[in-house]
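Peer 1: Since the structure of chain C is already known, use the hints to place chain S on it.
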Amino acid sequence: MISFNVNRQRVNLDVDPSTPLLWVLRENLGLTGTKYGCGMAQCGACTVHLNGEAIRSCVAPVSRAEGKEVTTIEGLSPDLSHPLQRAWMAEDVPQCGYCQSGQLMSAAVLLREKPRPSDEDIDEAMTGNICRCGTYPRIRKAIHRAAAMMSTGEAK
Amino acid sequence: MSTLQMERREFLKFSVAASGGLLIGLYLPGASKLAVAEERSGSIFMPNAFLRIGIDERVTVIVNHSEMGQGVYTALPMLLAEELDADWNKVGYESAPVDPKYNHPVFGMQITGGSSSVWSAFEQYRKAGAAARAMLIAAAAQQWNADPATLRTGSGVVIDGANRKLSYGQLAETAAKMMPPAKVTLKDPKTFKLIGTPVKRLDTPEKINGKAVFGIDVKNPGMLTAVVARAPVFGAKVKSFDDSHARNMPGVRKVAAVPSGVAVVADSFWQAKLARDAVRIDWDEGEMHAFSTSQMMQQFREQAKSPGKSVRRDGDPDAALAKAAQKIEAVYEVPYLSHLMMEPLNCAVDLRADSCEIWTGTQFQTVDRAAAAKVAGLPNEKVQIHTTFLGGGFGRRATPRSDFVVEAVHVAKAAGVPVKVVWTREDDMQGGWYRPAFLHAIVGGVDASGNPVSWKSRLVGQSIFAGTMFEGMMKEKGYDPAAVEGVDDLPYEIPNLAVEYHQAEVGVPVQWWRSVGHSHTGFATECFVDELATLAHKDPYQFRRALLTKHPRHLAVLDLAAQKAGWSKPLPKGRARGIAVHFAFESYNAQVAEVSVTDGRVRVHRIVSAVDCGHYVNPGIIRAQLEGGAIFAASAALFQELTFENGRLQQTNFHTFPVMRMNECPEIETYIVENNEKSGGIGEPGVPCTAPAIANAVFAVTGERIRKLPMRMTEAV
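Read top to bottom, the protein sequences are chains C and S. Throughout the first sequence, residue numbering follows our numbering, covering 2 to 157 in sequence. Throughout the second sequence, residue numbering follows our numbering, covering 322 to 1038 in sequence.
It cannot be assumed that every hint is accurate.
[Claimed, not checked] Short, incomplete list of chain S residues facing chain C, as computed with Cβ under 10 Å:
1) 535
2) 890
3) 893
[Stated by the list, open to error] Calculated cross-link-like contacts (lysine-lysine; reagent style BS3-like; alpha-carbon spacing at most 27 Å):
4) S:521 to C:142
5) S:448 to S:508
6) C:142 to S:859
7) S:448 to S:575
8) S:514 to S:448
9) S:999 to S:885
10) C:69 to S:532
11) S:486 to S:411
12) S:532 to S:504
13) C:142 to S:532
14) S:558 to S:695
Keep in mind that the hints were calculated from the coordinates and are not lab data. Note that the Cβ used here is the ideal one computed from N, Cα and C, for glycine as well.
Chain C with its partners taken away, still in its complex shape (with noise of 0.2 Å):
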């Protein structure tokens, strides 16, 4: 039996525990928010939050996750308030969609760390996710807006 938290609910799972902890979100969880993109952490469309750290649930065996707190998009915010899913709609980022939830994932971090990042610290913080339709631009200009609205406390 592996225990942990996802999105803040207590979760005890009997899995095998080197499963990836992508696959137990997406089919024993229901979180399917989370995407499979190429499963050797080579494009972040997995990206979740462990202990508050992006990792790349596709290669981290749900073990890892044992007492610890898990936060996938589903977590982010209840309602669209986050900043950046308010930036997100503002700059009409996504196109297909399907790498959105990583890109967000990994761009909450760095905004925790860096509230007013500048466009090295979002290279170097996002350049682990890929966009196949070529949304970079946008989420560019979307984590800029976003600590933009968090530093003129325009975000809850």
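Peer 2: Chain S in isolation, oriented as in the chain C frame:
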């Protein structure tokens, strides 16, 4: 006649109880959130196949094209809502089921491709909205006992002369009893309120909170997951397999041979994948066992030495070439490419004795349904496809052979239970249906004043249409039009021009890849015209201008891109610009790329892209498609190549088939030409110019011509 009662859709809501007690409600795709509202609202106005209005005021637009990022779930509702005079805040979308009434009005089947969704829907969706508006006005006229001619509409309400208002929701029941108008009058485009404005995409909220359902997210009651071991070499067949270990692995329910390989069906993806990897298969590798792309390209080079099938011939190119003051020859080569959608292929199937339901992200509903029906042994009407969101398409999910759907029906048949086939990234990359590799051998000449007098293009590459239902289009012309599009209509004023094509026969399955033939013809022609400009000692922009005097729309985008890029303005040392212009999918695009080259690495700093796509619907989406098109094309030009040795693909995942990342992404500026020409495409037209604009810029900075993609700069510095 309008029908009051909509067909009651099967709407299932169920909860999955995880062992920890976490309860998650899951909605089946195909039954959207809006469907819930309709269940509650009861009575509904459904004037035609494209629209429903509930008494709760919800306006649901049924979209007959697949949403793969290009924005049809916003643009098509905009067309309808404009004529309906709907309150945009009440408008939602739903994917259409497979039905002839949702056929593409030009292509005659349900399909998303050819950058055609907006232009093909432009009148269709407006008329649907206008008809509904007329019926709502008639309903209000009846309630008020007024002359319909005295009534007007505004943002979801009908208004009379005394400024009384009835909302569309209030009128829905009565409107449903009205006869649809025999004839509808469309708005004067000058009065458009929505069309032409950058309204936000309707699908953004569910794409940023994890709720959007893609094919891979589909979960039906009792459904198992399958992973298939497919041939390591195209055309290989299973001789025998040993599943003694695999079938005893945890969660495995079934291991079965299917036409494409061996399917492992398990409780979860991970269990199916581990067991799939444990199946030992002895393959009869067939004719492709020794296939190598380097040998193939060598053959292409040999083939290019002899004349091919004539596609276009103006004047006497050979005589003109013999008399030319200066000549130049160049051979351009482009590789096989994977579409590499972020969401790997997948398909869920629930096959019963008398029905087959399919959930997948497809661009090809009509074709997939017919193919699935054949495998299922059912008539077409017994097969339904629920189109989910597509995690990228780029042409891969429009497969004339319906490979991923057909296979999933075979697996469901073998499994005997509802099943979802999921492809790993490696499966997806090795699964074929690539952009074909192509070779262009071009010879050209200029006269003493530097004017081009002759151009001969000879292409070698596989046909996409050959062997498919589109072969008829080839018979008409004697060649595959998709192989030569973009060079057969070369716009430059060159009096002697020849285009020839050698159709290569190779056992690698090929398919349309965002911008199809233009993805290589744009590169070859726009690089070669640049080479001619150099030969003529002329500025590449001015050289093109002089040859396009009869093509004002080409000229307009060329001028706009050049002007916005500051073409003649000096750049810092080590940087240079390249330019390209191309017409594709009824739209005109020009791009200027600004690059530098350091230690053999090409860095693209800026791309300016100008488009004329005629009368446009949503400039925000158009800009997004231009940005995305340039990045998609730059990824291919700089990094991407599929190669084969001993019949086996050498690339497996993003580390060996790279995609441009945030830190490599240039600044992109987009400009749209304003006019009222017929709407053109936008998903693909932004792709062809990027590779040649970058390659021409690399020449400008290094003096080395790039004639092979992806760009390798080892010799160039």
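Peer 1: Which hints from the list above does the structure break, by number from lowest to highest?
Peer 2: 2, 3, 6, 7, 12
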